[in-house]
Amino acid sequence: MREAAELGYNLVSASTAKVYLLEGDLTNEQRDAITSALLVNPVTETLATTNGVPGVTLEVHPLPGVMDPAAQSVQEAVYELLGVHVQASTGTRYDLQGLDEVAAKALAARLLYNPVVQALHTEPFHPDALPYGTPYQFKPISVDITTLDDAGLERLSREGHLFLSLGEMRAIQRHYQSLHREPTDIELETLAQTWSEHCVHKTLKSDYHYTGPKDDTIRWQGRPGVTVHGDGSVTIANLLKHTVAAATHELIAEGIDWTLSVFHDNSGVIAFDDDYGVCIKVETHNHPSAIEPYGGAATGIGGCIRDIIGTGLAAKPIANTDVFCVAPPDTRDVPAGCIHPKRVLREIVAGVRDYGNRMGIPTLSGAVDFDPRYIGNPLVFAGCIGLIPRDKIDGAAKPGDRIIALGGRTGRDGIHGATFSSAELSDTHADEFGHAVQIGNAIEEKKVLDAILRARDEGERPLYSAITDCGAGGFSSAIGEMGEKLGAQVQLDRAPLKYAGLTYTEIWISEAQERMILAVPEQNLAAMQAICEEEGVELADLGHFGTPNAELILRYGEHEVGRLPMDFVHGGIPRETLPAVWSPKSPSPRRSPRSGDREQDVSARLLSLLSRPDIASKHWIIRQYDHEVQGNTVVKPLVGPPAEDGASRGPGDASVIEPVPGTGRGVAIGCGLQTRVGDPDRGGDPYLMALAAIDECVRNLVCVGADPSRIAILDNFCWPGVKDAASLGHLVRAAVGCYDGAKAYRTPFVSGKDSLNNQFRTDDGTTIRIPPTLLITGIGIVHDIEKCVTSDAKTPGNAIVLVDGSAGWERLENGPKTAAGVARAIGDGLVRSAHDVSDGGVLVALAEMLIAGSTPSAPIGAVVGGLAVDPFEELPTRYLLEVRVSEVDRVRALVGVPCSVIATLDDSGVLRVGDGTLDVEDLARAWRGPLDW
Amino acid sequence: MPMERPAPAIHWDMARALVVRAAGINCDEEMARGFALAGAAVDRLHVRTLANNPELLDRYGVIGFPGGFSYGDDVASGRVLALLVREKLYPALRAAARRGVPMIGICNGFQVLTQAGLLPGPRGFWSRKAPDTIDWPAHPEPPAVALCDNAAGRYADRWVRLAVNPDSPCVWTRDLDPHDPHDDHTPTDPTGTLMLPVGHGEGRFFAPKATIDALLKNGQAPLTYLDNFNGSAGAIAGICDPTGRIFGLMPHPDRFLHWSRHPHYTRLDKRSIQGEPAPGLRMFINAVEAAAPSRLGSTRAG
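Just so you know, the sequences run in chain order W and G. For the first sequence, this note's numbering assigns the number 933 to the last residue and increments by one with no breaks. For the second sequence, this note's numbering assigns the number 302 to the last residue and increments by one with no breaks.
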């Protein structure tokens, strides 16, 4: 009702009902038993089998083939209750009064359903039968490629949704010309999946020819993989290898000995203590979330969790993260084919909530950023952190191991997800790629996790020798990766299907959710099967690893449908040299161009900044996530004493968990996102964006008590199109910034991911490009959770110290030193509260500390004095620390960069700046209001 | 902790705790840890295993139904698991109730116990009673109370302040009231208010007014919200059966086994909590003690 009113609909009343469609051989008694025992709660609900309400009735049902987790629950429960198998489907009925049918349908399109995955019915939906699909008649298909010209190759790539470049198509053509045959469809699809941007990061791994201005702020001489030419231009071989990865390998060579597995597995692993490692992965799920935000975000987090389960010999997921970049919620004009950003945000939050909460993994860290250019390409970053015994970090399939698929069944859902994610979106993408979008079933994944951890831990050794997840590319990528060295023979008709009719190729590349692949020695199969039966997890034996020439052999029934040498699958992709140009619009700015309206006085500017959506409180999101499950959360996302409603309300800088309870040792989780610093449209420099993001991430972690010499980071590049040299110039600079930042802060990258075609073509032909966006996520070790610090102001009388290492931040002079100094002060117990200064500047940070620490019954205020910097300037390497007055000098000595007392806390509940006085509760209202949906 | 190892002993062991797992249950590990820290030996068994062998329940002195989203909670929270419990486990649980076995349902487990005929206990007995004087019906009664969508209509995760009824027969909440006039023991919470975390979308306690009144009057609502954030009738956060041994609550004591989980831990005076079990752990200790009074000395010392 509230949302309808917001959209201007005059809805008088609305009621909803769940609709269950059951098909099966049931007696009337059985039907009644199902409804009375299972479907209806006699205390609060009534059963309606007919429609008796006046007004417009709408029903929303899933489209055939779309995951319906509730239906699966009902089927399972009916079987447990009556021992009868039924087919179920569920939907929702809305009885709306006050609207005519046209208005009701329009409202439904805005709020109640998404045509990509659901159908709208204007009367009660009573189908004669539920859809089952039609049986598949085997039909081998080969694709003519050897005789095509370049135009033909490009057409094949485009029309077949392969998204391969001409160079790649030519490499495939040459391969088959040398074999004197045409590829089968499944072979071509295997190559397209494996060579997709999503799976191999080919843009970041390309060679670059970069041309910058004469006075380039990056010094190129002496960098790894770089050749400087006479004209000042440079060539960088394999950009990813010589920036992000090089930093890590150099740091390891210089003595960092606590990284345990970097870049090669599904997530990166660092040492936690002598017994355990912690691993981390952050993925994006941007394209699916643009079309179906709820399902896209849910399957995004679901996939990232599977990356953690698929690390080494399986890690246990212990925390999730999420960061969203969307258009401003008050956007008025939404281009055709885009969903309104407010609905996008509501639904992606719901997606992460429903998946993460059901999995029993606390969602602990995140951020939301707003920019109009995210209208067609909202960014959804989903991360997961895992705990893994140190003796289970390495796994490898052995010849003869069975290829075992666990979990969900394979359907037509999610086909072409890997290649779809490498494409540009347009106003018709929902029609073209609807099949790439899916709804997740978290309980299926939870069951799979339970079964895998049992198979890992119950015996002396795990029942399997390797494990990986089915993500982009489905079986093709998972089995292809695990069998890279050995080869694999796969019997595709053995895969359990959701419904009949899938071709062998669809089975092979389906990205249906909640599936894992394990390499299980024959002798362990029975034990594995027993665990799966108890946990209610389906297991399928798809074949074996190890073929004579390390070939990938694909079979369907009696027929061989594909045969590919693994070295061509994994090594055949040609590396290209891409042109990159950097021509800054104006000299690199010293400050980010966003200090508010200078005409206003300080109080008004502070209030208006606190109300900006990017700064405003995200409690509406945070409180929908379970951040306490597993019982190990020490520093929560919201901190401070009980505010008016009894709950903490202050913004935490990072969260801390004690993953092995009782050890006293913690893991801090935080992130840095500094898109404005790098925004080329506004004079920004992506190189500086990377430095600032790493700095922000480190500061967030240090502020809760992490040891800055034990921080590992991850990169997520989200770029607009990468077909033009300017955009690639931005990419080169950001990557080099990652190298310089990681080296300076001694924070190794352990994993990363990129999403490179985030631009949207509207129906009038304009292209909306996102600003280059780089998310840095970090995990830091906390040696003693007793020493954790939070951002809420604690005690009247204490001083607020601005630690300012921002001078020369572009040259990385002070950032690492300041982080180390602040950590020392925290470790010595000198800091009562700490907060990093980021969006909005020093005064916003101080206001946040007061909002966090002040309550109506125990108010805290502050008098600002001695603030020598612009109160709203946004510069890196700044911290605010609450320190006892008598200990300010000790802190100053420990920190080693300029420290100044900028405020003193009192018990007034009022912030005084110059002539202005602001009640902290008013600040709190301004800050909490905008996103309090 | 091994997950699926039924107790080797066939005799009934008072200090052995059972944690019931199911698809989608996700707080079984922290509940098991609570029992273990309280001094009990713990098994986590899948409801399927128990449904096939209900006699396994006879071995346990304490039984817990943890939180989570059992079977997805898609039809309604706890509905499918409650159905399994009603159909397959009720006779064994009824026998355990008659033996005075302490049971707890947390969050989803609470939703299960209210729908499985175990809470608030059989109608007609909503007054304080000894376990062996309660006449548990042979078949589970239909639910008398319900946990509905939160008033705000969505899932909420936060900490809440709670009032403890010191006159409740509930064994789980003994000594938990920081202001308990009958207890000159030690303060359980130096902040002066019991706090526990909650995380649920369907936790608004609902029942006909007469039922609410009876439960409040009989001390069967040992915990009420000071911050009634979900709109519960009578601000009820948890209820027990007339014996005080079967207890269900929406807040999560299993998430507060260590003081470092307190939401204002960085503000607490650490000296005041030294040696004192965190309030969540105290509940588990209370139950293990109630199940095996002879162990009282050892758990207090531990």
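A hint or two may mislead.
Here are the simulated distance ranges between beta carbons [claimed, not checked]:
id	chain 1	residue 1	chain 2	residue 2	range
1	G	98	W	884	51 to 61 Å
2	G	58	W	18	35 to 45 Å
3	G	231	W	264	23 to 33 Å
4	W	890	G	276	49 to 59 Å
5	G	271	W	828	40 to 50 Å
6	G	275	W	18	24 to 34 Å
7	W	501	G	213	56 to 66 Å
8	W	501	G	209	29 to 39 Å
Partial list, computed: chain G residues near chain W (C-beta under 8 Å) [stated by the list, open to error]:
id	residue
9	74
10	126
11	258
From the derived model, a few chain G residues whose C-beta atoms are all more than 12 Å from chain W [as the list claims (entries may be wrong)]:
id	residue
12	41
13	57
14	58
15	59
16	79
17	100
18	125
19	146
20	147
21	165
22	167
23	216
24	234
25	272
26	275
27	276
No lab work stands behind these hints, which were simulated from the structure alone. Positions of the beta carbon are idealized from the N, C-alpha and C atoms, including for glycine.
Hint check results:
1. Restraint check, residue 98/G to residue 884/W: a C-beta distance of roughly 60 Å satisfies the suggested window 51 to 61 Å.
2. Taking 35 to 45 Å as the suggested C-beta distance range, the pair residue 58/G and residue 18/W conforms, at roughly 38 Å.
3. Under the hint 23 to 33 Å, the C-beta atoms of residue 231/G and residue 264/W, about 51 Å apart, miss the expected range.
4. With their beta carbons about 32 Å apart, residue 890/W and residue 276/G fall outside the hinted range of 49 to 59 Å.
5. For the pair residue 271/G and residue 828/W, the beta carbons lie near 19 Å from each other, so the given range of 40 to 50 Å is not met.
6. For residue 275/G paired with residue 18/W, a C-beta distance near 51 Å fails the hint of 24 to 34 Å.
7. Remark: the range hint 56 to 66 Å for residue 501/W to residue 213/G is upheld by a beta-carbon distance near 59 Å.
8. Taking 29 to 39 Å as the suggested C-beta distance range, the pair residue 501/W and residue 209/G does not conform, at roughly 56 Å.
9. Residue-level restraint check for residue 74/G holds (minimum Cβ-Cβ distance to chain W is 3 Å; threshold 8 Å).
10. For residue 126/G, the interface hint is violated, the least distance from its beta-carbon to any beta-carbon of chain W being 16 Å, above 8 Å.
11. Among the interface hints, the one on residue 258/G holds; its C-beta lies about 7 Å from the nearest C-beta in chain W, closer than the 8 Å criterion.
12. For residue 41/G, the requirement that its beta carbon stay farther than 12 Å from each beta carbon of chain W is met, with the minimum near 18 Å.
13. The claim that residue 57/G lies off the interface holds: its Cβ sits roughly 17 Å from the closest Cβ of chain W, which is beyond the 12 Å cut-off.
14. Distance check for residue 58/G against chain W: the nearest CB is about 21 Å away, which clears 12 Å, and the non-interface claim stands.
15. No Cβ of chain W comes within 12 Å of the Cβ of residue 59/G; the nearest lies about 19 Å off, and the non-interface call holds.
16. The beta carbon of residue 79/G sits about 6 Å from the closest Cβ of chain W, which is not more than 12 Å, so the claim that it is off the interface is violated.
17. At roughly 28 Å from the closest C-beta of chain W, the C-beta of residue 100/G stays outside 12 Å, upholding its exclusion from the interface.
18. Interface exclusion of residue 125/G from chain W stands, the closest Cβ pair being 19 Å apart, more than 12 Å.
19. With a cut of 12 Å on Cβ distances, residue 146/G falls inside the contact zone with chain W, its closest approach being about 4 Å.
20. With a cut of 12 Å on Cβ distances, residue 147/G falls inside the contact zone with chain W, its closest approach being about 9 Å.
21. Remark: the non-interface label on residue 165/G is consistent with the geometry, its nearest Cβ contact in chain W lying 19 Å away (cut-off 12 Å).
22. Annotated as non-interface, residue 167/G keeps its C-beta farther than 12 Å from every C-beta of chain W; the closest such distance is 24 Å.
23. The beta carbon of residue 216/G is kept farther than 12 Å from every beta carbon of chain W, the shortest such distance being approximately 18 Å.
24. Every CB of chain W is more than 12 Å from the CB of residue 234/G (nearest about 15 Å), matching its label as outside the interface.
25. For residue 272/G, the condition that its CB be more than 12 Å from all CB atoms of chain W holds, with the nearest at approximately 15 Å.
26. Non-interface status of residue 275/G relative to chain W is upheld: no Cβ of that chain comes within 12 Å, the nearest being about 15 Å off.
27. Even its closest Cβ contact with chain W, about 16 Å, leaves residue 276/G beyond 12 Å, as expected for a residue assigned away from the interface.
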